[in-house]
Amino acid sequence: MSEHKPQTLPQWLVYNAATRPQEVAQRYKCEGVWKEFSWADVRDEVRALALGLRARGVQRGQTVVLLSENRPELYWAEWATMAVGAKAVALYPDAAESEVNYVVEDAQAVCVFAEDQEQVDKVLPLMARHDNLHTVVWWESGGLWSYKHTGLLGWDALKALAHPVGPADEAWFEHEVALGQSSDIAVLSYTSGTTGLPKGVITTHASLMHNAELIGQTLQVPTGCEYLSYIPLSWSTEQWVGVTMGLMRPLRVNFAERPDQIQEAIRELACELVFFGPRQWESLAARVHARMLDAPPWRQKVVDWGVHIGRLARADQLDTRTRAWWVRALLPVADTLVLRPLREQLGLKRAGIAFTGGAAVAPDIFRLFAAMGVMLRNIYGCSEFGLITVHQGARVNAETIGETVSLSSPWGAPMEWRLSDNGGLEIRGGAGFDGYWGKPEKSAEKMNDGWFQTGDAVGQGSSANELIYYDRVEHMNRLKSGHLFSKQFIEVRLRFSPYIREVMVVGDPTREHVTALVNIDGDVFGRWAEHHGVSFTTFTDLSQRPEVLAQVAKEIALVNRALPEQARLRNFVNLPKELDADEGELTRTRKLKRDFIEQRYGVLIEAMYADQTTTAIEIPVRYQDGRAGMLRADVTTGCVPPAARNGDQKP
Amino acid sequence: MPRPASPPCKWPTPMTEALHTPAMLEARDLTLKFGGVTALSEISVDIGHQELVALIGPNGAGKSSLLNVLSGFYRPSKGSVRFEGQDIGNWPVHRVAKAGLARTFQGTHLLPHMSVLDNILAGRFMHMKSTLTQAFFYYPFTHREEVAHRTVAEEILNFLELEHLRHHTVGTLGYGMRKRVDLGRALAMEPRMLLLDEPMAGMNGEEKEDLARFILDIRESRQIPVVLVEHDMGVVMDIADRVIVLNFGRKIADASPKAVQEDENVISAYLGAHE
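Chains D and P are the protein sequences, given in the same order. Using our numbering, read the first sequence as starting at 1 and increasing by one per residue. Using our numbering, read the second sequence as starting at 1001 and increasing by one per residue.
FYI, nobody ran anything at the bench for these hints, they're computed from the structure. Possibly wrong hints are sitting among the right ones.
[Claimed, not checked] Some residues of chain P that are not near chain D, with every Cβ distance over 10 Å (derived):
#, residue
1, Gly1089
2, Trp1091
3, Leu1117
4, Pro1140
5, Gly1171
6, Ala1201
[What the hints assert, rightly or not] In silico DMTMM-like links for lysine to aspartate or glutamate, alpha-carbon gap of 20 Å or less:
#, chain 1, residue 1, chain 2, residue 2
7, D, Lys148, P, Asp1217
8, D, Lys593, D, Glu474
9, D, Lys446, D, Glu416
10, D, Lys29, P, Glu1146
11, D, Lys35, P, Glu1163
12, D, Lys29, D, Glu268
13, P, Lys1258, P, Asp1232
14, D, Lys35, P, Glu1146
15, D, Lys591, D, Asp611
16, P, Lys1208, P, Glu1220
17, D, Lys577, D, Asp634
18, P, Lys1208, D, Glu118
19, D, Lys29, P, Glu1161
20, P, Lys1078, P, Glu1026
21, D, Lys439, D, Asp106
22, D, Lys480, D, Glu416
23, D, Lys577, D, Asp523
24, P, Lys1129, P, Glu1145
25, D, Lys35, P, Glu1154
26, D, Lys29, P, Glu1220
27, P, Lys1208, D, Glu268
28, D, Lys554, D, Asp364
29, D, Lys35, P, Glu1026
30, D, Lys29, P, Glu1163
31, D, Lys29, P, Asp1046
32, D, Lys148, P, Glu1220
33, D, Lys446, D, Asp434
34, D, Lys5, D, Glu268
35, D, Lys148, D, Glu105
[As the list claims (entries may be wrong)] Pulled a few chain P residues facing chain D out of the computed Cβ check, cut under 8 Å:
#, residue
36, Glu1084
37, Thr1151
38, Glu1154
39, Phe1159
40, Glu1163
The structure displayed is predicted, hence computed values, not measured ones. Glycine residues also receive a C-beta, built at the ideal position from the N, C-alpha and C atoms.
Using the sequences and the hints, build the whole thing.
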């Protein structure tokens, strides 16, 4: 194996197990201690699983669905699936039964790895509906003791099917792995379904390895780098970083005990490579703000001062040589007093490579973390094509999404890009787009004369290769006056306010100005209300308090200043309930489902344009336990003070 | 009032074979008096293997007293308690516990300044063999023992979904969580029978549902009988195999949840008798 480079992920695994058998590959916090798995351990586990899958009749070219939080077993299951030549589909662990049903049907899955009772309960009804689906494997026994179902078996039972592993089995495994080719389908990545039904993007081993190689090179990821696996495997990025780069560099991939333990895990590990989605970075920033609200005023002042000095010193790069002498002199003091403790508190002490992706991040987030000494880099790509841009080099321009990556790897050519007439980004080269699973007509729609249409509207930054992301091409909006604006652009900037959790901006060619539906942050406002002596009962009540409305108006006014006159927000309402993925208002990646929200809260939107002061609304809600109810509320329309709106004329 | 014939044999339960073996706990003619007050009078109760029995009754009916007698906290003035064939009526509390009868308390009797983990480890006390000297010099045996106990404690934390609170001080937790820790400590004793005194008092609906799930899971995974005193009729009727109703220190019903709901005596005890 060592004379030529491995061409599939399982080949990399076998290669690592042969060349560095005792090196720690993965760590998992289990029963309160970090358990280590060497490459040889991982290979043995994957082999046992692959033999188990063989015994259950899973064959080359078939599909296996993975339904679990991030944990080593999930990775092993994926590698074992690939080792027998099948392809894997990872779904969000909180996917609803109907979503799982759709994927099982679309991808013709034969086997599902379901983490625990919660997941098994979603999958069992599907077994009756789909004859192909013959095996369900769980690895958390809780609650499953009395489940008797043909085809349902535990993790250990699956491995026991092939126990003991004889030399013939080992040879079979080696042979199966060696059969793999880089052009084999490794993964189907289902799109989030913001536009229509989800589509399974065909991802080959070559594509995974090409993108992992590019990320590794552009971010200069060292071998043996500590990485905390947190973003779900259904994201292509985790497939590139945790799964593929983890094998190729290799990285040491760590798993938290439970997903809600991520803060504790990251503090214990102090990882060198940190990848969070924008929402997680935003929630980290919001945490700092929220904790500061609890601190006595003098401490707040010290922290504000320290962060201010940090900002002056490191606004867009960590190199401080060009800064004023007094900033350079004060930085060590600010670092000792404020910035280093902040980094330690957030577990970013050793975070040399911190990156984000998936959606746009407010530039203020970049600046806050840069001030702390953690330079966030944005990574932008799409599951269909792969990596497109990354922030490279010493300077990070927070307004852009990074520079285009035009490196080649053994598995792909350099990428080329161009802008189409409607401002959309088109690309070709790289590992290429292999189409959607079973939807050739949809795949053809994405191509334009050999160029892949990303559908993202971008602009060029200060240097020719730097891109600024505006929005999806189809989401760029016009007002009645003909002025173009991007809703997401405004929303991201509003969401940075600690007081605002979610916000949806409204405006179209029939409207004269821009308005917003605001989902306030109940926790932060709850504490704020306590400090300001504002009494409230429920979230609904809190959201409609005049004091709260005034505070939100103030936050909007701040953002308005950065916007062109015509795109400024005039009116807003605070939603009487939180937006919820379970009610279909958000996708599982917490993106807004605009049409649905617009329809659901249509009364409020009309009221804003009709200058109505209060509006009664009834919203059907579904509680976590499945009960349905009706939320009734009187919602007040908030106005952003015109003085603030027109006040700042500076560019 | 005549006692209904015991033990009744028609409650629905999946473990039918368990019913034909002799009861695990047999209490006969228990009477408990505090001075002139008769808290319990001539109560006989049988608890079978793997049974989930609920003990209900109006305030002051003697539910907690009965539980206290069964677990050895009170000595009965008359009558006997046999656990797996042994008469435990006059045993000291720690001996009853060692025999495998674990209980939780109304309210919580935890160590508020210690962590969740330490509280659960406290439940392992009677399984610990190292002496003070051995612990002081930290013998290899002591080390191994500590790891073993910690593993058991971790399994319980996992089972009750308390991992994230492992190192939190119990005193800082909410009431619902403290009740869960209390249950964890009882489980740490590896009991052969579990007595729960109002495990759901003061909880909100969601916490109750969680705990009901845990109680069912305990019975399913450990295959031990559970006796619980509870006021929430919804929970009792949902999860219990059999319901024992007390009123003024007497047993007035002992049957399946459905039968108890229709029982005239029970209805009049709860709603007041027609004069």
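Results for each hint:
Residue placement check: P:Gly1089 keeps its beta carbon more than 10 Å from all beta carbons of chain D (closest about 35 Å). Interface exclusion of P:Trp1091 from chain D stands, the closest Cβ pair being 33 Å apart, more than 10 Å. With a minimum CB-CB distance of about 8 Å to chain D, P:Leu1117 fails to clear the 10 Å threshold, and the non-interface call is violated. Residue placement check: P:Pro1140 keeps its beta carbon more than 10 Å from all beta carbons of chain D (closest about 19 Å).
Once the 10 Å rule is applied to beta carbons, P:Gly1171 is consistent with being away from chain D; the minimum gap is 20 Å. In this structure P:Ala1201 is separated from chain D by more than 10 Å, as the shortest Cβ-Cβ distance comes to about 21 Å. Restraint check for D:Lys148 and P:Asp1217: satisfied, since their Cα atoms lie roughly 16 Å apart, inside the 20 Å limit. For the hint pairing D:Lys593 with D:Glu474, the CA-to-CA distance comes to about 14 Å; that is within 20 Å, so the pair holds.
Our distance criterion of 20 Å between C-alpha atoms is met by D:Lys446 and D:Glu416, whose separation comes to about 16 Å. For the suggested pair D:Lys29 and P:Glu1146, the alpha carbons sit about 19 Å apart, so the restraint of at most 20 Å is met. For the given pair, D:Lys35 sits about 16 Å from P:Glu1163 by alpha-carbon distance, which is consistent with the 20 Å threshold. A distance of roughly 10 Å separates the Cα atoms of D:Lys29 and D:Glu268; the hinted pair therefore holds under the 20 Å criterion.
Taking the CA atoms of P:Lys1258 and P:Asp1232, the gap is about 15 Å. The hint holds against a cut of 20 Å. For the suggested pair D:Lys35 and P:Glu1146, the alpha carbons sit about 18 Å apart, so the restraint of at most 20 Å is met. Taking the CA atoms of D:Lys591 and D:Asp611, the gap is near 28 Å; set against the 20 Å cutoff, the hint is violated. Under the criterion of a C-alpha separation no larger than 20 Å, the hint pairing P:Lys1208 with P:Glu1220 is consistent with the structure, at around 18 Å.
About 12 Å separates the Cα atoms of D:Lys577 and D:Asp634, which keeps this hinted pair within 20 Å; it holds. Taken as a hint, the P:Lys1208 and D:Glu118 pair is honoured in the structure, with Cα atoms around 19 Å apart against an allowance of 20 Å. With a CA separation close to 15 Å, the supplied pair D:Lys29 and P:Glu1161 stays within the 20 Å bound. A distance of roughly 14 Å separates the Cα atoms of P:Lys1078 and P:Glu1026; the hinted pair therefore holds under the 20 Å criterion.
Straight-line distance between C-alpha atoms of D:Lys439 and D:Asp106 comes to about 10 Å, which keeps the hinted pair within the 20 Å bound. For a cut-off of 20 Å, the pair hint linking D:Lys480 to D:Glu416 is broken: about 37 Å separates their Cα positions. Between D:Lys577 and D:Asp523 the alpha-carbon distance is near 13 Å, which keeps this suggested pair within the 20 Å criterion. Simply put, P:Lys1129 and P:Glu1145 have alpha-carbon atoms about 8 Å apart, close enough for the 20 Å limit, and the pair holds.
Distance hint between D:Lys35 and P:Glu1154 is fulfilled; the C-alpha atoms sit about 14 Å from each other, no more than 20 Å. Under the criterion of a C-alpha separation no larger than 20 Å, the hint pairing D:Lys29 with P:Glu1220 is inconsistent with the structure, at around 27 Å. In summary, the hint linking P:Lys1208 to D:Glu268 is not supported, as the alpha carbons are separated by about 34 Å, beyond the 20 Å threshold. With a CA separation close to 17 Å, the supplied pair D:Lys554 and D:Asp364 stays within the 20 Å bound.
About 46 Å separates the Cα atoms of D:Lys35 and P:Glu1026, which puts this hinted pair outside 20 Å; it is violated. In summary, the hint linking D:Lys29 to P:Glu1163 is supported, as the alpha carbons are separated by about 11 Å, within the 20 Å threshold. With a CA separation close to 44 Å, the supplied pair D:Lys29 and P:Asp1046 exceeds the 20 Å bound. A C-alpha spacing of about 14 Å is found between D:Lys148 and P:Glu1220, which places the hinted pair at or below 20 Å, so the restraint holds.
At most 20 Å may separate the alpha-carbon atoms for a hinted pair to count; D:Lys446 and D:Asp434 meet this at roughly 11 Å. Proposed proximity of D:Lys5 and D:Glu268 is contradicted: the alpha carbons are some 35 Å apart, above 20 Å. With a C-alpha separation of about 24 Å, the suggested pairing of D:Lys148 with D:Glu105 is violated against the 20 Å cut-off. Against a cut-off of 8 Å between C-beta atoms, the interface hint on P:Glu1084 is violated, since the closest Cβ of chain D lies about 24 Å away.
Interface hint status for P:Thr1151: upheld, as the beta-carbon distance to the closest one in chain D is roughly 7 Å, under 8 Å. Hint status for P:Glu1154 relative to chain D: holds, with the closest Cβ pair at about 4 Å, below 8 Å. Below 8 Å, beta-carbon pairs count as interface contacts, and P:Phe1159 has one with chain D at about 7 Å; its hint therefore holds. At its closest, the beta carbon of P:Glu1163 sits 6 Å from a beta carbon of chain D; the interface hint therefore holds under the 8 Å criterion.
Checked against the numbered hints listed earlier, the structure breaks hints 3, 15, 22, 26, 27, 29, 31, 34, 35 and 36; every other hint is satisfied.
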